[in-house]
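Novice: All letters in the sequence shown, in the order written, are residues 2 to 804 by our numbering.
Think of the hints as simulated: they come from the structure by calculation, not from any bench. Check before you lean on any hint, since a few could be wrong.
Said to hold, decoys possible - Straight-line alpha carbon distances no greater than 16 Å define the calculated EDC-like cross-link-like pairs of lysine to aspartate or glutamate that follow:
#1 K184 - D196
#2 K514 - E541
#3 K141 - E200
#4 K758 - D728
#5 K141 - E126
#6 K184 - E200
#7 K107 - D782
#8 K69 - E148
What the hints assert, rightly or not - Label-pair restraints from in silico Cβ distances:
#9 H467 - A288: 31 to 41 Å
#10 R505 - L198: 47 to 57 Å
#11 E148 - P715: 26 to 36 Å
#12 G452 - R191: 58 to 68 Å
#13 L198 - D234: 48 to 58 Å
#14 N797 - L711: 20 to 30 Å
Glycine included, each C-beta is placed from N, C-alpha and C at the ideal position.
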Amino acid sequence: MSDTIQSTQVAIIGGGIMGVAAQFQLAENGWTDTILFEKAELTSGSTWHAAGQIAHAVGSRLMGWINKTSIETYKRVEAETGQSIGWHEVGGIRIATTDDEVDWMKSIMGVGKLLDLPMDLIGPEEVAQVNPFYKVDDVKAAVRTYEDGHIDPSSVTMALAAATRSRGARIERHNRMIGASRKGDMWLLRTEKGDVLAEHVVIAAGSYANQVGEWFGLKIPSVSCLHHYLVTDTVPQFADRPELPVMRDNAFGGYIRQEQKSGLIGIYEGHVCPTVWEMPEGAPWAAENELFQADYDSIGDFLMVAFDKMPILADLGIKRVVRGAITHTPDGGMLVGPSGAPNVWLSCGSSIGLAWGGGAGKVLADWMVHGEAEINTRGFDPRRYGDFASDNFIVERTKDEFMRRHDTPCPGKQFHSLRPLKKHPLYDRLAAKGAVFGEVAGWERPRYFGGVGEAEQIGWGHQPWHANATAEAKATRNAAGVIDLCAFAQFEISGKDAGALLDRLSANRIPSKDGRMSLNHLLTAQGRFETEITIWRMAEDRFFTGSPIARATPDFDWIKSHIRPGEDVTMINRSADWGMLALSGPATRRILSELTDVDLSNRAFPWLSGQEIRVAGIPCYALRVSFVGELGWELHAPLDQIGAIYDALFEAGSKHGLTDLGSYAFNGMRMEKAYRASGDLTTDVGPLDVGLERFVVSEGRDFLGRNALLSRDPAWQLFYAELHSEDIDIHGGEPVLLNDRPVGLTTSGGYGYTIGKSLGWLFVRKGTQQTGLSVRILNRDIPVTVHQDALFDPQNLRPRSEE
Numbered sequence: 002m003s004d005t006i007q008s009t010q011v012a013i014i015g016g017g018i019m020g021v022a023a024q025f026q027l028a029e030n031g032w033t034d035t036i037l038f039e040k041a042e043l044t045s046g047s048t049w050h051a052a053g054q055i056a057h058a059v060g061s062r063l064m065g066w067i068n069k070t071s072i073e074t075y076k077r078v079e080a081e082t083g084q085s086i087g088w089h090e091v092g093g094i095r096i097a098t099t100d101d102e103v104d105w106m107k108s109i110m111g112v113g114k115l116l117d118l119p120m121d122l123i124g125p126e127e128v129a130q131v132n133p134f135y136k137v138d139d140v141k142a143a144v145r146t147y148e149d150g151h152i153d154p155s156s157v158t159m160a161l162a163a164a165t166r167s168r169g170a171r172i173e174r175h176n177r178m179i180g181a182s183r184k185g186d187m188w189l190l191r192t193e194k195g196d197v198l199a200e201h202v203v204i205a206a207g208s209y210a211n212q213v214g215e216w217f218g219l220k221i222p223s224v225s226c227l228h229h230y231l232v233t234d235t236v237p238q239f240a241d242r243p244e245l246p247v248m249r250d251n252a253f254g255g256y257i258r259q260e261q262k263s264g265l266i267g268i269y270e271g272h273v274c275p276t277v278w279e280m281p282e283g284a285p286w287a288a289e290n291e292l293f294q295a296d297y298d299s300i301g302d303f304l305m306v307a308f309d310k311m312p313i314l315a316d317l318g319i320k321r322v323v324r325g326a327i328t329h330t331p332d333g334g335m336l337v338g339p340s341g342a343p344n345v346w347l348s349c350g351s352s353i354g355l356a357w358g359g360g361a362g363k364v365l366a367d368w369m370v371h372g373e374a375e376i377n378t379r380g381f382d383p384r385r386y387g388d389f390a391s392d393n394f395i396v397e398r399t400k401d402e403f404m405r406r407h408d409t410p411c412p413g414k415q416f417h418s419l420r421p422l423k424k425h426p427l428y429d430r431l432a433a434k435g436a437v438f439g440e441v442a443g444w445e446r447p448r449y450f451g452g453v454g455e456a457e458q459i460g461w462g463h464q465p466w467h468a469n470a471t472a473e474a475k476a477t478r479n480a481a482g483v484i485d486l487c488a489f490a491q492f493e494i495s496g497k498d499a500g501a502l503l504d505r506l507s508a509n510r511i512p513s514k515d516g517r518m519s520l521n522h523l524l525t526a527q528g529r530f531e532t533e534i535t536i537w538r539m540a541e542d543r544f545f546t547g548s549p550i551a552r553a554t555p556d557f558d559w560i561k562s563h564i565r566p567g568e569d570v571t572m573i574n575r576s577a578d579w580g581m582l583a584l585s586g587p588a589t590r591r592i593l594s595e596l597t598d599v600d601l602s603n604r605a606f607p608w609l610s611g612q613e614i615r616v617a618g619i620p621c622y623a624l625r626v627s628f629v630g631e632l633g634w635e636l637h638a639p640l641d642q643i644g645a646i647y648d649a650l651f652e653a654g655s656k657h658g659l660t661d662l663g664s665y666a667f668n669g670m671r672m673e674k675a676y677r678a679s680g681d682l683t684t685d686v687g688p689l690d691v692g693l694e695r696f697v698v699s700e701g702r703d704f705l706g707r708n709a710l711l712s713r714d715p716a717w718q719l720f721y722a723e724l725h726s727e728d729i730d731i732h733g734g735e736p737v738l739l740n741d742r743p744v745g746l747t748t749s750g751g752y753g754y755t756i757g758k759s760l761g762w763l764f765v766r767k768g769t770q771q772t773g774l775s776v777r778i779l780n781r782d783i784p785v786t787v788h789q790d791a792l793f794d795p796q797n798l799r800p801r802s803e804e
């Protein structure tokens, strides 16, 4: 080992497609002082044995953009370097054999419309024309794509590496990273060939990410799962004809395509998920080009279905079986972005590395160099997992994800493993009252109330529980409702500099008087949304904040990271041990007054204020605010006291008509009031793009992102709209059309149960006209009417009611 210490702006750990693509995209952004460290040869982990499919028929705009960006990047690199990437642009066909799958195909067509990806919705006859060897007896529909296909993993990685080296970046093969420690503002990295000082580190270590992450104090939620694909003997029928498209079919949980003149069949077992190198031990450092013994018992039934689907493969021999490790995460999304450790970034946890590599590399490079990506990437943020993600959770939930990989992703789909993961004191009470739960960041939250033990029906259209949600919303509007929001991000921020910290992060002024509340948006340096929080000023040097539970870790880290040296600021994260009940409706003052001695009148306890009070003798923080647009209070207290508060509310509230409220009704009431949610305030826009000018106070203030915000002309605008549909609602991500041309997309929506209208937020290009718009849902163009004000209580009188 040499004693020489190198230095670099960025050290990248891992030489598979994710690491090499990230280094290339950094170089494209001008960061060429980078070194990639690979312990063996490039691609020798999981990349080399990948089947290499890249699809356009995917279920979300983000994934479509990622895959499209990957293809464009790879083609551009081939043209630049002259090195073949082994690209086969044969297109693809994704099969639907059930009604739910047909609806999914229709929703995929919307993604294609948004991203200008050529595709058609076809029937069984057209499937047979394109692939005469595929059995179409049970095919109801299919999506056909044209500009996607499959790629050679090693060839494209080597082409990227060549393009990266030509820009001045370095790649060190056969030099394993063996440890890391902090040295001032740099990372001291130990390698087999010497030490390296790096300003930034990118962990792109694939199956080794877990043990690499430990050097930086990180638990990386990624598991190595074993995936089969098989290559048949030569198929005589493939001679003298164009290459077939890639066929994807949930019936056997996988794909079939040509491999030269042979057939290739990939299987994701739906009943078992074999894993290897489980955390915390991780993969052995000596592993290289590792493959595992085929397990025909696990894939046999699925393989028989595949043979039945494409009979010309059934009587052929199998000349090659590839069973290799591929990383997966508990929710199926990769890990791309800041890790939570200073200047440590992740680009790992990718189960579809070739399809995702080029796009993921661009997201990461843009985030590192410019502080933001051009598309909302919250779904990739590695910090989306909280402290509920134990080793056991990571492994077991990832197995569940692997086995459900080829389930139809209907709206409302939930994982069932390890449920309930975290039970707070209300869980049993609510379950006994018929709560049908959804999981939110490890917690259980009622979606609606039905029969005890009822299973939720899911799908794109209105489901039977629509009636339950309607009853809950109307009961709340007429009297009162209480919803369990114990899954909520709650921070206490104190110290003489706490106010200064929050003020310089907030586009809006923070409260200037004790007891008052404000809605505040924390922006990036580029003037786009980092997060939205409410701030309650408890005292001059004490503040309480609230935000969605999914933002608990990122928000806490973001605020804490901006505490300046020497400042007197203390932060306490209450999210795991405090809960919250939201009590709303015209009868709430009458109910709450029976449980407290505090004066609840408008004069003594005005709208948008908070007090420390006792409810049924239990100390709690009471904030007069309502996300459903009613007279109401949020009651925050330690979790071990929440059950007693809930019981007291119903004991006092039963004669006033108090009801339980689920998240479906809650969301619908939110839409009736035209309140924006986190899905509408994404990382690719800022307050001026979405009509929140009133929450930006720039005069005489210097807050993070101020200059960038004010210097940029908004490119987007947000329309509040009524969808003219009786049977389906906006879920988010659907195309907004004008004369059949995409002008934007939906961000969130829901049914307004008390006004009987379907509502949504439309994110459209600035200057788009408000008439003649439609939203494409399940391949239907449904007209919308844009409204300027909330359709329920537009004067906002009910939250300020004196009743």
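Novice: Work down the list of hints and note, for each, if the structure agrees.
Specialist: These are the hints, each one checked on the structure:
no. : hint                    : result
1   : K184 - D196             : 12 Å, holds
2   : K514 - E541             : 8 Å, holds
3   : K141 - E200             : 54 Å, violated
4   : K758 - D728             : 11 Å, holds
5   : K141 - E126             : 10 Å, holds
6   : K184 - E200             : 10 Å, holds
7   : K107 - D782             : 12 Å, holds
8   : K69 - E148              : 9 Å, holds
9   : H467 - A288: 31 to 41 Å : 52 Å, violated
10  : R505 - L198: 47 to 57 Å : 31 Å, violated
11  : E148 - P715: 26 to 36 Å : 32 Å, holds
12  : G452 - R191: 58 to 68 Å : 60 Å, holds
13  : L198 - D234: 48 to 58 Å : 54 Å, holds
14  : N797 - L711: 20 to 30 Å : 28 Å, holds
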